[in-house]
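As you go down the protein sequences, you meet chains A and B in turn. Residue numbering for the first sequence follows the working numbering, beginning at 1 and increasing consecutively. Residue numbering for the second sequence follows the working numbering, beginning at 332 and increasing consecutively.
Treat the hints as calculated values from the structure; they're not laboratory data. Mixed in with the good hints, there may be bad ones.
[To be verified] Selected chain B positions facing chain A (Cβ under 7 Å, derived; list incomplete):
1. Lys-356
2. Pro-389
3. Ile-392
4. Thr-395
5. Phe-445
6. Arg-446
7. Thr-458
8. Ala-465
9. Asn-470
10. Gln-564
11. Ser-583
12. Gln-587
13. Ile-607
14. Phe-611
[Said to hold, decoys possible] A few chain A positions that, by computed beta-carbon distances, are all more than 12 Å from chain B:
15. Thr-183
16. Leu-207
17. Glu-236
18. Gly-302
Just so it is clear, CB atoms sit at the ideal spot from N, CA and C, and this is done for glycine as well.
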Amino acid sequence: MAAEVIPAKVRASPRRRFPIETLQAWLFLLPAVVIIGIFKVIPAIAAFYMSLFKWDVIQGAFRGLGNYTDWLYDSALRSPDFWRALSTTFTYVIFTVPLEMAVALVLAYLLFQKMRARGLYRTLYYLPYVTSFVAAAAVFVWVFNPQYGPANAVLGLVGVGGQKWLEEPSGIFELAASAFGITVPTWLAGPSLALVVLSLVTVWHYLGYQIVIFLAGLSNISQEFYEAARLDGASERQIFTKITLPLLSPTTFFVFTVASIGVLRSFDSVYVLTNGGPLDTTRTVTLLVFRTAFQQAQFGLGSALAFILTLVILLFTLVQFRVLGRRVQYG
Amino acid sequence: MARAITLERGVPRFSMRPRVGAIAKHAVLIVVAVVVAYPFYFMITSSLKDVLEAARTPPTIFPTELHPENYSDAWNRAPWGRYFVNTIFVSVTVTVLELITACLAAYAFARMRFRGKGVLFTIFLATLMIPAEATLIPNYVLMSPSRNACLGLPCLGWFDSYQVQIVPFIASAFSIFLMRQFFLSIPNELSDAARIDGAGHLRFLWSIVLPLSIPALITAGLITFLGSWNAFQWPLIVTSRPDFRPVQVGLSAFRQEAGSSYHLLMAASTFVVAPIVVLFLVAQRYLVQGIARTGIRG
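All chains should be modelled from the sequences, with the hints used to inform the complete structure.
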């Protein structure tokens with residue numbers, strides 16, 4: 001017996017300090033763990049649980065994956081809404097993210113060079129990002145007002161007829177073709193003008209944020225690459241396409257993922273600018289979740305839809321981790 | 332960001348080229364600046380027009396007559412004082428409490444050795460991937476009147492209150508990571524010296540780490556404050572009376588109410604946006620640094 005006590009005591013000195021620090025560390029972490037646990041982790045699990053039930057304000061019968069199949073194919077009432085909302089959401093991403101990134105990249109590249117009023121430009125581009133979508137929408141709805149808005153006044157200056165902008169359910173290709181008296185088939189009509197305006201306002205809002213991230217990415221590229229290229233007599237365009245773009249690719253990919261996720265989950269912009277209209281052409285998945293849960297009080301169906309959206313967003317995040325893990329970069 | 336490329340240097344060029352290039356660059360930057368700034372300009376000028384001029388087509392570039400009284404008119408048409416008190420109280424409380432929880436947790440992750448650190452850190456990292464949409468409905472149920480059941484217990488019954496807008500947001504994995512990155516960069520010599528002098532962790536955190544971390548604290552605080560000031564969806568669904576509603580929800584309601592009094596709506600938008608814009612102009616250095624840092628690190 002005594003032989004066992006001694007080694008235990010010897011081990012005790014490094015080990016005893018450890019539990020005290022562990023206890024203290026857990027005390028430090030306690031507030032964050034409790035809050036994040038109660039309002040983030042448990043609700044995420046609860047959302048999946050709720051999605052398995054008929055749940056209109058109060059819990060009803062177990063449905064298994066019934067809510068999911070209703071959205072995906074089973075219900076003539078729900079599934080057309082779902083597929084339409086999903087396609088609207090992806091169209092919203094496609095019309096927002098590439099434009100946003102291209103403009104942000106060009107502006108960041110220009111701002112990165114030594115020039116006058118650099119800080120002023122950057123501050124200005126950044127202002128929309130701190131402005132809430134609610135206030136922005138109040139202004140943009142008026143800017144694009146079919147009767148009084150300056151947008152139509154500008155079109156009038158260049159001799160183009162007034163548009164209904166955020167109230168226009170017709171597709172943009174349909175509108176463009178009809179200006180030349182051509183009628184296009186429905187599948188070629190394109191996204192509604194309202195959705196495209198929504199995209200443009202979203203670009204306006206996030207532009208400054210992305211410029212800042214691109215600027216940080218640019219400053220991470222070592223100066224030596226530029227010097228070497230210049231010694232070899234590379235032109236400015238060659239430097240941009242052969243050095244800046246490839247070395248910036250991790251940043252570009254990061255911005256792409258963050259921007260896509262941002263649009264996939266955006267609610268405020270849609271709710272305040274169009275509230276899903278006109279003719280449901282801007283009704284995104286987030287808005288459909290909102291209406292199903294908080295206007296029709298269908299928590300089970302709403303949770304199932306939110307869970308599907310979460311899976312899509314998780315997929316984007318995982319792809320980002322995988323690709324960034326492999327590093328999209330040379331050097 | 333201070334390192335700028337001077338592409339003109341080194342390669343001999345025609346003397347006119349950099350000049351033409353610089354003008355072209357500024358032209359692009361100015362065109363975008365005008366497009367970006369125009370809504371702000373339109374908002375402020377429209378807020379100073381009278382009702383007829385605000386609806387004139389094409390719009391006048393500048394008000395023919397200034398009507399600053401639009402601001403007091405707009406202010407008196409809705410309980411703005413209440414909205415602002417609510418938003419300021421909620422935003423300040425969330426920011427202060429969130430910084431406290433973030434500093435404590437970040438310190439533990441950065442400078443303490445304890446069991447379960449790796450697992451816990453991974454869980455925190457994972458929560459960053461959970462979008463708000465996924466937790467919206469269960470959190471709504473959690474806040475609903477206490478006669479409802481949440482996991483067998485009575486729900487919180489927090490609709491129309493301050494705590495419903497504060498408590499869920501007083502800890503964020505994002506701020507914890509931001510602060511942790513900063514705490515990791517504090518040299519070990521300092522903590523060794525503090526330990527020799529007999530200072531415990533809390534003392535070291537309070538009197539050495541925090542004073543050194545003021546830039547990071549301002550960054551994290553600003554990002555939290557911005558999010559809280561502009562919060563919309565959550566307060567929209569959990570508040571129904573002006574007593575607890577924040578300015579963003581108030582402005583959204585005012586859009587219906589103002590109807591065709593467009594000049595008043597623009598005045599209201601201006602005073603809702605102004606405080607956060609001023610705050611940004613004062614502290615933009617920190618906000619921009621923080622976004623650049625966390626943006627890159629993800």
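*Please name the hints from earlier in the document that this structure breaks, with their numbers sorted from lowest to highest.*
Failing hints, ascending: 3, 4, 12, 16, 17, 18.
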